[in-house]
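Participant: I would like the entire structure built from these sequences, with the hints used as guidance.
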Amino acid sequence: MGLTRQSFGAASLREKFAISTKSGQKIIALAGNPNTGKSTVFNALTGLNQHTGNWPGKTVLQAQGSFYYLDQEFVLVDLPGTYSLLANSIEEQVARDFICFADPDATVVITDATCLERNLNLVLQVTEITERVIVVVNLLDEARRKKIQVDLGKLEQELGVPVVGTVARSGEGLDDLKQKIYDLAKGRINPKPTMIKYDIRVEECINTIEPLISELHLGRLNTRWLALRLIDGDMTIIEGIEQYLGVNLSDSFKSEVSLEWAKVQVN
Amino acid sequence: MTKDFPLYRLHPGQNGIVTRLSAEGLTRRRLLDLGLVVGTVVESIRKSPLGDPIAYGIRGAVIALRKEESSQVFVRAKNS
Ligand SMILES: Nc1nc2c(ncn2[C@@H]2O[C@H](COP(=O)(O)OP(=O)(O)OP(=O)(O)O)[C@@H](O)[C@H]2O)c(=O)[nH]1
Ligand SMILES: [Mg+2]
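Sequence order for the protein chains is A and B.
Quick note on numbering: the numbering used here labels position 26 of the first sequence as 26, and the sequence is numbered without any gaps.
For the numbering used here, count along the second sequence from 1 and bump the result up by 1000.
These aren't lab readings, by the way, just hints derived from the structure by calculation.
Predicted model only: the values in this text are computed from it and were never measured.
List time: in silico EDC-like cross-link candidates among lysine to aspartate or glutamate, alpha-carbon distance up to 20 Å:
(1) A/178 with A/131
(2) A/178 with A/156
(3) A/263 with B/1024
(4) B/1067 with B/1043
(5) A/192 with A/105
(6) A/197 with B/1033
Which stretches of chain B does chain A cover? Using the computed rule of at least three CB atoms under 8 Å from a CB of chain A, they are:
(7) 1025-1031
(8) 1049-1060
Note that CB positions come from ideal geometry on N, CA and C, so glycine has one too.
Facilitator: Now the structure itself:
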């Protein structure tokens, strides 16, 4: 890998994440906590048009499949179930790298209506990375049984991204989901997720690091989120940038970032 | 106020309320991601045959924690 930037196009995606795409297809990532119904949604949408393997270089199962909605073909990628995207485990790293470096046209986060609160941690982590997010509140039948009512409209308002209620096992709400995926991937809707503001010291560090990141021209990668990860001292993200985007980060960039990182630590 | 104690000492069937985390860095972040923020009710569900890990009920999910992690979470007993 030299210092030149490689293309972010379909070919490099296919290579690095072993996703087979044809031109014109839109790529949709499916994320969520463990056991929330991701695979059920995946199977319902893709039917028999799917194949499984491993993520390149990892012993983590990868499932991809395709489906048509109206005039558009989609490739759906079922990500490992995780509570977080901070790369504490191989599964989290796989999910994070895909959402962040594969630049999917939309990321659908499947949540469990019976314990929504715990699922929102991941939702907020995803909306910090990308604006192109749809939240699915699944297992609504279980929630009804437990007399839990979810105010989907209010949730949509608070999160700033489209919310769809589903019962994936029976197919309820899946047409609505397909329509939302279509609208989002086609750019007919442009969600503006609610931004999380951090305390003043962290925001100051972001203000210092973000311009340095912008100079790297990392495509659609979210510079604020990247700054936050670097302030966190997350070195896996640097590996990710070098590995997936083919950008070599200079030592001066790394030392500037380390300096900012140290500032937040001592305070 | 009763004193707090490490989560691994909570007996199966008992509930505790998180008072603080002594963990730092990535471990702290991981525990927070699992929902273990101050004030959260945690139930000790069952011990594995060797006593480690222990399964806990945290915000609607059952999660197994090793003693290494659960010794860095402090709770006080919840009288219920
Ligand atoms: N009652 C009900 N059960 C559901 C629904 N959606 C999925 N399930 C069930 O929930 C269980 C878990 O579903 P999966 O689709 O395997 O969940 P997952 O998110 O892929 O799980 P991991 O890949 O292990 O993280 C299965 O038994 C499904 O049949 C739903 O809307 N209602
Ligand atoms: Mg699954």
